[in-house]
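Enquirer: If you read the sequences in order, they're chains G and U. Those letters in the first sequence? Residues 1136 to 1239, by the numbering used here. Those letters in the second sequence? Residues 1136 to 1239, by the numbering used here.
Check the hints yourself; a few may be wrong.
[Said to hold, decoys possible] Over 10 Å on every C-beta distance to chain U, these chain G residues come out as not near it, computed from the model:
| no. | residue |
| --- | --- |
| 1 | 1158 |
| 2 | 1165 |
| 3 | 1190 |
| 4 | 1198 |
| 5 | 1208 |
| 6 | 1210 |
| 7 | 1213 |
[Unchecked claim] Computed, partial: chain U to chain G, Cβ under 8 Å:
| no. | residue |
| --- | --- |
| 8 | 1147 |
| 9 | 1148 |
| 10 | 1153 |
| 11 | 1156 |
| 12 | 1160 |
| 13 | 1161 |
| 14 | 1172 |
| 15 | 1173 |
| 16 | 1177 |
| 17 | 1179 |
| 18 | 1194 |
| 19 | 1226 |
| 20 | 1237 |
| 21 | 1238 |
Hints were generated in silico from the structure; no laboratory data involved. All C-beta atoms, glycine included, are put in the ideal place defined by N, C-alpha and C.
2 protein chains.
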Amino acid sequence: MERSRDPITDAPLTPEHAEELARTMHALADRTRMLIVSAVLHAPDGELHGRDIQRQLELRQPTASHHLRKLVRAGILAREQRGPYGYYRVVDGALADLCRALGS
Amino acid sequence: MERSRDPITDAPLTPEHAEELARTMHALADRTRMLIVSAVLHAPDGELHGRDIQRQLELRQPTASHHLRKLVRAGILAREQRGPYGYYRVVDGALADLCRALGS
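Bound-form chain G, shown alone (with noise of 0.2 Å):
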């Protein structure tokens, strides 16, 4: 997923950005969804299998989907299908670009 970026020189957000921005944080509102952005991230390898997200939550199968598919369009989680699970990532910069809008 391509995004727009701010130029170096370090200027506010366009409105265009500020709108791709807030969907982001759209998507990231919500407290299950923190985990799991969370959960990924901590993961060995950065990556969980969807079940491995299900048990580590305790989540049941359908809230899993729900929330990952949330993550998933949003640009913030990436989906591989290896075997009969997909495996999820978060996608480079995704994040990356959000926090450098924030200042941090």
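Chain U: place on chain G using the hints.
Expert: Frame of chain G; chain U shown alone:
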């Protein structure tokens, strides 16, 4: 506003911390509020008064007040009354905490 922190061992989020960060995310999950935070972060002294925010982003006064109130309530902006207008700055650590949790 005192914020809970995960140990420096960089452990995954606790459910309580995830809840707290999701609330912060929710307050930022809006284009206008992202633009306000960005404008304040980029202000010369790191602060702007309400009227400047209103003018800079071409907002009506009630709209600006609504969004500023949400950002203050969420612990993202602090408001200090000086003369007829409030001055706003980003609360130290409010966004760093969030970005640390996101691995940035």
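Enquirer: Confirm or reject each hint.
Expert: Hints versus structure:
The claim that residue 1158 of chain G is not at the interface with chain U is violated, since a C-beta of that chain comes within 10 Å of its own (minimum 8 Å). The beta carbon of residue 1165 of chain G is not kept farther than 10 Å from every beta carbon of chain U, the shortest such distance being approximately 5 Å. For residue 1190 of chain G, the condition that its CB be more than 10 Å from all CB atoms of chain U holds, with the nearest at approximately 14 Å. Distance check on residue 1198 of chain G: its Cβ is at least 14 Å (rounded) from any Cβ of chain U, clearing the 10 Å threshold; non-interface status holds.
With a closest Cβ-Cβ approach of about 15 Å to chain U, residue 1208 of chain G is found to remain outside the 10 Å limit, as its non-interface label requires. Non-interface call for residue 1210 of chain G relative to chain U: holds, since the shortest CB-CB distance, roughly 14 Å, exceeds 10 Å. With a minimum CB-CB distance of about 15 Å to chain U, residue 1213 of chain G clears the 10 Å threshold, and the non-interface call stands. Taking 8 Å as the C-beta cut-off, the interface hint given for residue 1147 of chain U holds, the closest approach to chain G being about 4 Å.
Satisfaction of the interface hint for residue 1148 of chain U is found here, the shortest Cβ-Cβ separation to chain G being roughly 4 Å, below the 8 Å cut-off. Residue-level restraint check for residue 1153 of chain U holds (minimum Cβ-Cβ distance to chain G is 4 Å; threshold 8 Å). At its closest, the beta carbon of residue 1156 of chain U sits 5 Å from a beta carbon of chain G; the interface hint therefore holds under the 8 Å criterion. At a threshold of 8 Å, the smallest CB-CB gap from residue 1160 of chain U to chain G is about 4 Å, leaving the interface hint in force.
Checking residue 1161 of chain U against chain G by beta carbon gives a least distance of about 4 Å; that is within 8 Å, so the hint holds. Among the interface hints, the one on residue 1172 of chain U holds; its C-beta lies about 7 Å from the nearest C-beta in chain G, closer than the 8 Å criterion. A cut of 8 Å between beta carbons decides the hint on residue 1173 of chain U: the least distance to chain G is about 4 Å, and the hint holds. Interface hint status for residue 1177 of chain U: upheld, as the beta-carbon distance to the closest one in chain G is roughly 4 Å, under 8 Å.
At its closest, the beta carbon of residue 1179 of chain U sits 12 Å from a beta carbon of chain G; the interface hint therefore is violated under the 8 Å criterion. The beta carbon of residue 1194 of chain U is not positioned within 8 Å of any beta carbon in chain G (closest approach about 12 Å), and the interface hint is therefore violated. Here the hint on residue 1226 of chain U is broken, as its CB sits about 12 Å from the closest CB of chain G, past 8 Å. Because the smallest distance between the Cβ of residue 1237 of chain U and any Cβ of chain G comes to about 4 Å, under 8 Å, the interface hint for this residue holds.
Interface restraint check: residue 1238 of chain U against chain G, minimum CB-CB distance 5 Å, threshold 8 Å, status holds.
In this structure, the hints that do not hold are numbers 1, 2, 17, 18, 19, in rising order.
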